[in-house]
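Asks: For the record, the sequence lines run as chains A and B.
Using my numbering, the letters of the first sequence map in sequence onto residues 19 to 133.
Using my numbering, the letters of the second sequence map in sequence onto residues 245 to 523.
Honestly, the hints are just simulated from the structure, not real lab data.
Among the hints, erroneous ones may be present.
[Unchecked claim] Capping the alpha-carbon separation at 27 Å, the derived lysine-lysine pairs in BS3-like fashion look like this: (1) Lys430/B to Lys274/B; (2) Lys430/B to Lys125/A; (3) Lys365/B to Lys377/B; (4) Lys125/A to Lys365/B; (5) Lys125/A to Lys506/B; (6) Lys433/B to Lys125/A; (7) Lys377/B to Lys132/A.
Remember, predicted model here, so these are calculated numbers, not experimental data.
Listed below, chain by chain, are the residues.
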Amino acid sequence: MNNSLVFELVTSNLTHQQLWDAVKAHKLSNSVNSDIWVVNGCPPHKLSNDDVELTNEWILPVELQQYDRGSLTLELADQIFAELRCRRIILGIVNDDGTVVYYFMYKGLHKPKKN
Amino acid sequence: MNEHTKIAISLVKGNSNSGTPLVFDIDDIKKLRNWGTAGILTGTLPSAAQQNGFLSVPLRLMVEEALWLVDSGMAFFFTGPETVTAAAETLTAREMEHALERQEKSFAEQRLFKKQQHAEKMASLGIPFDEEKASFTLLESSLFVETPSVSELVSATIDQNSARQEELWIKLYNGLRNTGDYFVYKALKQNHYFLSPGARFGGRFIAYPGDPLRYHSHMTVQPALDYNRDPLDLLQVVSGGRLGTGVKKLWVVAGVKMDDEKEAKEDVSFFSIEWAGFG
């Protein structure tokens with residue numbers, strides 16, 4: 019997987035559109051023959067009612083292409099979780115028009131969030 | 245409750261060559277429910293089709309469900325007319341007599357009950373009731389003969405642990421569109437989820453934390469992915485995630501190590517996805 023072309027877009031989207039603090043991109047170390055970047059930052063408010071407090075979140079930028087299914091396998095997702103050691107990551111899905119949508123991805127089976 | 249403890253799953257041949265798993269015994273259906281398998285009731289009459297809520301036996305199981313029940317020793321398969329013929333051939337004259345005796349006993353009980361009811365009715369109307377004058381033919385023609393929906397004989401005579409069972413299991417398993425789904429089912433079952441078919445919410449299974457009559461479902465589980473090879477389809481993540489958020493369910497993907505031995509396949513990785521609420 020290679021997301022080196024989209025992580026800067028996600029970084030600026032989080033900083034300037036979603037108004038996150040301390041947004042910074044990091045390159046993952048244990049990724050063999052791949053170029054994976056993750057973004058760390060702090061949201062302006064709690065993202066889910068189930069969260070106890072405001073915490074730093076990890077965002078994995080990924081590119082959505084209509085005729086290419088990409089290369090984020092579940093094995094790779096497990097490796098990313100193993101390196102970041104977090105409960106959830108947020109997929110930052112970049113569309114070809116420059117918009118970004120965000121999805122929680124929890125490891126394992128999880129309950130739906132309370133409203 | 246019946247003498248046999250294992251549940252009989254009939255494999256009825258339909259369009260697919262491996263068969264549709266059905267359960268006909270109402271006691272077995274009760275047991276299944278207690279074990280966390282709800283299934284879907286499908287029985288109705290062509291001339292008086294019913295709404296889903298009023299359907300009756302047989303109970304239709306998912307193929308994964310039937311495989312799991314047999315694999316964990318709670319059920320056995322039976323199939324084909326040859327099983328019935330073979331069972332019928334073991335029938336002895338003594339057993340036939342015994343069946344007739346039981347029938348006669350049931351008639352006797354019914355006669356007694358009907359006479360009693362008739363006497364009570366006459367008494368309440370103040371009409372004197374003479375048992376001698378009561379119509380014998382009317383009474384006889386109102387007796388019921390019960391036709392059971394399951395055969396005790398077949399369950400008793402079938403070889404529940406034979407190579408034939410194994411053969412049926414493998415045939416049914418190979419008939420699955422995605423054999424990984426069986427391991428996903430198994431893993432969810434080990435986490436004590438109730439599962440039902442997932443097409444209503446765009447998945448392979450819907451997972452309930454308990455009996456579907458008591459709980460809302462928590463997750464729509466997608467068809468199994470190859471853990472090492474299948475990429476996560478992001479367009480699916482977006483559409484599934486939006487739908488899931490709308491119906492308050494997590495959209496769950498499961499990875500099965502397809503190339504490995506059976507033991508490794510049972511180690512299924514799950515990821516739960518939902519919309520983050522912004523963007």
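Asks: CA of Lys365/B to CA of Lys377/B, is that 27 Å or under?
Replies: 16 Å, holds
Asks: Keeping to a limit of 27 Å between CA atoms, is the pair of Lys377/B and Lys132/A held or broken?
Replies: 73 Å, violated
Asks: Sort out whether Lys274/B lies within 27 Å of Lys430/B, counting only the CA atoms.
Replies: 21 Å, holds
Asks: Can you confirm whether the C-alpha distance between Lys125/A and Lys506/B stays at or below 27 Å?
Replies: Holds: Lys125/A and Lys506/B sit about 23 Å apart, inside 27 Å.
Asks: Would you mind confirming whether the straight-line C-alpha gap from Lys125/A to Lys365/B stays at or under 27 Å?
Replies: Cα-Cα ~69 Å, so violated.
Asks: Quick one, are Lys430/B and Lys125/A close enough, alpha carbons at most 27 Å?
Replies: 18 Å, holds
Asks: Would the hint linking Lys433/B and Lys125/A be met if the CA-CA limit is 27 Å?
Replies: 18 Å, holds
Hint compliance for this structure: hints 4 and 7 are broken, all remaining hints hold.
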